[in-house]
Structure formats: structure tokens, C-alpha cells
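K.L.:
Letter by letter, the chains look like this.
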Amino acid sequence: MPGHEEVIGTVAGPGEDPNEFIFVTPADQPIKTGEFITYDVTVDGESRSVFARVTNRELIRGLPEGFLADPEVGPETVAATLGVPTDDTELYRMTATVIGFYNTNMETFANPRQLPDPGTPLSIAPDGQLETVLPNLGCDTVETEVTQLDGVAHIGWLLNRPERATNIHIPIEEFASTHLAILAATGSGKSYTASVLIEEMMRPTSRASLLVFDPHGEYDTLAEMQGHESFREEDGYEPDVVYYDPERLQVRISELEIGDVMAILDNPSNRMQDRLSTAWRSMQNQESETWGIDDLMTEMRSEFGGNDASVGALEWRLRRSIQRNDLFDPEENVPLDEIIDPGQCTVLQMDTLDRRDQQLITTVLLRRLYRERLNDVRGRESEVEHPVFALFEEGHRFAPTSGDAPSLGIMRTITSEGRKFGFGLGIISQRPSKIDQDVLSQCGTQISMKIRNPNDQDAIKKSVEAAGEDVLRELPGLTPGQAIVSGDAMNTPALIQVRPRRTEHGAGSLDVIDKWREAYDARQREPTRSESADFGEGDSTGVQSLD
Amino acid sequence: MTDQTTEMETANVDSCVQIGSIVSSNSHLDYVVEVYKDRDCERPPKLSEREFGQPVFIKKTIDGTEHAVMGVIYDTQLVDPDQGRTGPRLAQDDQAQFTPGYIEERTTLAGVALLGTATVNEDRTITDPTHRMPRWTLEVDDTVYHCPDEITASFHTIDGQIQLAYIDRLVDIAGDLGAEVIVALIDRLRSVLPNEDPNQRVLDVVEQNVEWQAHERRGVV
Ligand SMILES: Nc1ncnc2c1ncn2[C@@H]1O[C@H](COP(=O)(O)OP(=O)(O)O)[C@@H](O)[C@H]1O
Ligand SMILES: [Mg+2]
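Line by line, the protein sequences are chains Z and W.
Be aware that the first sequence starts at 1, since it is given in our numbering, and climbs by one per residue.
Be aware that the second sequence starts at 1001, since it is given in our numbering, and climbs by one per residue.
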């Protein structure tokens, strides 16, 4: 058999589920759960390699547990004393679920609708084949050189195989158009994985137009892509990384919708809401798009009279929440052409804005971008004439279950409609259970990493239809950098190790001890300045470079 | 002189006490031995030398090489011809191993299960112990010797490690008393080994396992 490796086990019979079978392997075949295996069947007169995933492993023959009675005495010693052979005595009973054979016409897995016969020999699925058929790359052979394909993101390799043995390249178009969710507890590698994907999308073969909503300043190191060899191309291409600081993040007042304004104001009464809606609507109907609170007040007074108590109360609230907030301006707006460009990754640094302002700037930007994408696809004049992918850290802030974020509406619209208009979202969150279900379920590709909280695990299970229980069972036990990739970008879910970044990772937690020592040393130096600081172990360059 | 010191000096297969002679067999590994009385030999065995769990051996020369076929007393039976054909039985009813031939006088029979073999050296000690099933058949009238603890220990030591690799065969032959024979053998080995010998702990684990399995078989646990 071409490309087939040695036989590792033998089919014993069918399992509990219709797609399950049982096989037996000796101990010298270290088959882990999650491993991919193959066997041959004849489908319509043609021999096909069927792929299956190992889902369970049980010892069926091994030394009795009584041999473990004394921790100081190895079970093999007891066995040797009793003349029981210990070499390869163990037998394992494994359960596997059929994934299917790779149908080169349909370019995905097809279920052979028949389980392997008892006695069928099983092999480890060859690396090259898995690289081709696990991700949704649409290859027309079972073994393609996937590194040569355009528009793929090398995200990592299969966790069960040796490092870099089975590399997983996922199709960028797939997750960038049908949305992406990266879900995991804090510190599990969400930002790291997102950065790996950004690196891949900014490579010369893809030259994406990316927007990163960064509430924590975790993406500062992406700038290293500029001037980095692996991102440069002979035609002069080099990614542009643009940082947009909070001072430049401004919202033109006329871009706010009445719902947004209501969300900012303190408890407006019904009558106030009424008055404001009327006045806001007539301002929006005006020719000018550069009006401010003063213009709005003039409009309100002319409609409801100068002495109206509600208008007075509104004025106080509007001036406090809008006029005195630097985020809002009658004229200034984030120019879309500055933040959106192919080959450009723009990081919107929102770390000094409060949550409400983060939501508002996001709401308005998304709304404007969506409008432009709609115009472009409908053949109207547009400021954004190419697809856009926007990535959100703290995704549950912008599309919360509780429904009190002004951004929720536009997030729902984009996740359900955006694929038609070339507008993809990437939602990163450590609290999947706090993300709006509509938004989460529309994220076609999921990268799930370590998560322990049962509510969050449930939320992932609900949104990740494709990944079976057996894969999701792994979630709590993963370590940082290990992930389950599932959904549209994959033909079947896979457990992977995310590759190291090409750029430095900027989001590590604060090194408390270093900071204390640094502060202490600085204090020691202060009064006399005669002693030079002693950094001890020598590995203190990081500390010194901060001075 | 105590018995103990005599025993330590007689790790010599030629100076061992004779226990009796073979009168019949129940199977290839299961022999019936008639225990010597005063007039059968010069020095009949003391009661403690033919007790339950006592290792024994039979000398056999095969193709010019002298071997010791090792065994253990796993049962005994008293026979009194005046009391009917066979005397009262010590063992339980379902044990049909003892079917001795015609016996004229009161006598003690011992059941001996074979454990393995070893080669007898020039210096009359043993080497190359193996716990594989002995291939040779013993003969009626073959003499069965008391096996001193030192030879017992060397029969059980293979590559520096204590072994009782015959254990499952012994349990088959000894039936209900299998666990007790093994425990008796283990006790004997433990008393020969120095206290700090790592094999002591291994023997503990083996003993625990054997006893536990016996308890399980008997429905205690
Ligand atoms: N693929 C990976 N390879 C190596 N280290 C990783 C990987 N993913 C995460 N890490 C480590 O885990 C730490 C936390 O990752 P990070 O992405 O900042 O977590 P999160 O965003 O989920 O809170 C990183 O600082 C890094 O040291
Ligand atoms: Mg993070």
C-alpha cells in the first residue's frame, strides 16, 4: 500500500455508536486518544483509505493491581518473582470513531457507511495525508504539498505527533469570512494564538486588511513584523503595522444613533427620551454631518420651547456625557482610509478608555465599516473596497449575553450577514458563557484552549457542534499553547500545539518579583548613587533595559 | 549441637535426611511418598522435617549429569489398613489426589508436588535452578530427601532475585491448600534472607496477593 505505515492494531468489532469500532493494540504501540488511524475499504469498487479518530483507551490485559501493593517494589519485580512474563503483556482495547474517506471530488470526508470488519489491520495515518485532509483546504488529492498553497495559515502541528511532524495549515479565507472564535481561560494562549494568525495573514501570500481592537495593549510587539525577513517579498511588500492611540480614537457625534445616546445618558425619563429622539432624528436628517451638542440644544429649544424642564435636564446630561468626553467630537472621526488597507494591520489601542467608551467607538467603527462594505458589494461608491477582518479581545464586552452593550446589535448583524460582504470578525474571550449566543454560534471556526469553568465549557460545547464530546473532554487538561481547532476551517476537529510566534509575545503577565527587585534596587541607588546595582543571577537584561 | 547449625553445615545434597520413598503418583507433577519409620532407615525424619510446606528433592542422573528434582510437601495422610481400605482423610472431600496402592501397615503418606529442577555440582551444592516443569518421571521407590533451607534458598534465587515461578502449577496441584503451601514456602525463604534484603518486600507483596486471591476464591471477600 503506498504511503501506508506499519500495522498498529486489529479491528475487534463494532462499538456502541453506529460510527464507532473497537480495536486491540499491544503495549508496544503507544496509541493515544486523539490519534488518527486508517484502514482500507472498498467503496464502489475502489479501495479507499478511511480515517478514524481514537476516542478511548482501556487496558484489557495487564499486571493485577495487587502487584502495586508496595510502592517500593515495582510490579515487574513481583511479576518476575512469580514467573509472569512482563514484556509486552499489556493489551489495550481502543475505541475509534470513523471520520470517513477523503472524497477528492467533494474535497471533504465522506462516510463509508460501513464499519471495518473484525480482523481489519489498522495503521497510523501518514503525516502528509493528515496535513492535506484534516484542514478544509479543498485539495483534490489525498496528499498535497500544503505549504505551497496560497492563503493558508500555519497555525501549528498535531499535538499527538512529534513536534512539527504533522503541520496544520488552515484556510485563511474560511475563518476570515465565516468568523472565528478563540475561547480559553486567561493565560491559556488566546492572544498568542491570535498573534500567530495575524502573522500568517500578514505574510506576502495573504496581505490581509486587519483591525485589532486591543483593550489591554497586548499587541504592541506585532510591529516587529515590519522589517522581519519572513514577511517581506521581492515585489517590495512588507506589512504595515499601525498603532492608533486613544487620543486619535474619536467618534463624530452625528455617527451616534439614538440607541447609542440612550446608552450613554444617565437614566433619562420617558419624556426626555421622547424629546431627544425627535430632536436627534431631525439633526440626522440635516445636510450637515458635523453638528455638536450646541446645535442639538438649539434644535430642541426651537421644538419644545426654551423653558421645557425635560430639555433642561437633557442638556445637563448631554453636556456631561458627550460634550465633555474627548471621545466625541462634532467633526473628527477616525478616517477609515487610515485604519483600513490591504497589507495593513491596525491596532486600536483602547487600554485607557473606559468600557462604555470602548463599546461606543467599536459600535460606531463597525457600523461605518459595515456600511462601506455593503456599498462596495452593491457596486456603490465605498471607502473600503476590499474585505476586512476585525479581531476583538474581550469579545464578551462587545457582544455580551446580558444585552446591554450598544455594540451588540452591529456585532449580531456582522456575524450573521458579514460573510456576504467580506467582513469577518474574530472574537476572543475568556468567558464564552458571557458571549451572546447568536454571535458565538455564528463563528464558523473555533479555536478552544484550556478552560475549566463548567459554564464556559458548556458554552463551547454548544457553539462547537462539529467537535465531538471526545475532543472537548480534553479542554480542562490542555496547557498553554494547546488548542482544539474545529469548524469551517477544518474537515474534522484536531488537537494541536500552536506554533511559536515569529514576533515576540507582548502579553505576558507582569513579572512581579522582577518588578519588586527593580524597584528596590532603584530605591537603593537613589540617595547615594555610589553603589552600582547588583542584579545577582545575571539574567537581568530585561530589567536594565527598562531603565 | 542444635538442629539449626547441623542444617547450615549440610547444604550438601548427599548429607540430607531421607524422608521417604515414592509409592505412586497422581500425575506427572504429583507424587505420593511413604514416610520412613524407624525400621525403614537409620535416621527417620523428625516430625518437623516432614511438615506441611517442607521442600524436598529427589536425585536423578540424566545422561551422566546429576540433577535434583525439587518438590514440596503439600498434604499428608494417615493410613491404617485395619480401619478399612484407607484411613481417615485430612483433606477435603473433593480432593481425589490420594489413591495409594495396597498398604499393609499403619503409615504416613505425604503428597509431594514437583516445583522444578537444578543441577548438582561436584561440591554437592546445586546450581542452574529452573522453575520450569520437570520433564522426567520419577520412579516408585525413589528416595525423597529433606531439602535444607540453604538449598531451598538457592533453588529460589535466579539472577539474584527471588523467584517462585512454579506458583500457578503448585496452586493447581495443591488445590484448596495451595495458598497455605505458598505462604509456608515464603515464610521459609524470608527466614533465610537477611532482614534488609530487598527481596523481603517483594515476598511480602507476593504473599499478600496469594492470600488475597485465596480469600477471594473462598468467598471471604
Ligand atoms: N503557542 C505557544 N507557544 C509557546 N508559548 C505559548 C503559546 N501560547 C501561549 N504561550 C505562553 O502562555 C502565555 C499566555 O498566553 P496569552 O496568549 O498571553 O494568554 P491569554 O491571552 O489567553 O491570556 C504566553 O505568555 C506564553 O508564554
Ligand atoms: Mg490575552
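Keep in mind that the hints were calculated from the coordinates and are not lab data.
It is possible that part of the hints are untrue.
[As the list claims (entries may be wrong)] Away from chain Z, derived, C-beta distances all over 12 Å, residues of chain W:
no. : residue
1   : GLN1163
2   : GLN1208
3   : GLY1219
[Claimed, not checked] A short, non-exhaustive set of chain W residues, derived as facing chain Z with CB atoms under 10 Å:
no. : residue
4   : VAL1017
5   : ARG1132
6   : ILE1158
7   : ILE1162
8   : ALA1165
9   : ILE1167
10  : PRO1198
11  : ASN1199
12  : ASP1204
13  : VAL1205
14  : ASN1209
15  : VAL1210
16  : TRP1212
17  : GLN1213
A virtual CB, placed ideally from N, CA and C, is assigned to each residue, including glycine.
K.L.:
Hints first: check each against the structure and report whether it holds.
P.N.:
Status of each hint after checking the structure:
no.: 1; hint: GLN1163; verdict: violated, 5 Å
no.: 2; hint: GLN1208; verdict: violated, 5 Å
no.: 3; hint: GLY1219; verdict: holds, 18 Å
no.: 4; hint: VAL1017; verdict: violated, 29 Å
no.: 5; hint: ARG1132; verdict: holds, 9 Å
no.: 6; hint: ILE1158; verdict: holds, 9 Å
no.: 7; hint: ILE1162; verdict: holds, 6 Å
no.: 8; hint: ALA1165; verdict: holds, 2 Å
no.: 9; hint: ILE1167; verdict: holds, 5 Å
no.: 10; hint: PRO1198; verdict: holds, 8 Å
no.: 11; hint: ASN1199; verdict: holds, 8 Å
no.: 12; hint: ASP1204; verdict: holds, 6 Å
no.: 13; hint: VAL1205; verdict: holds, 5 Å
no.: 14; hint: ASN1209; verdict: holds, 4 Å
no.: 15; hint: VAL1210; verdict: holds, 9 Å
no.: 16; hint: TRP1212; verdict: holds, 6 Å
no.: 17; hint: GLN1213; verdict: holds, 8 Å
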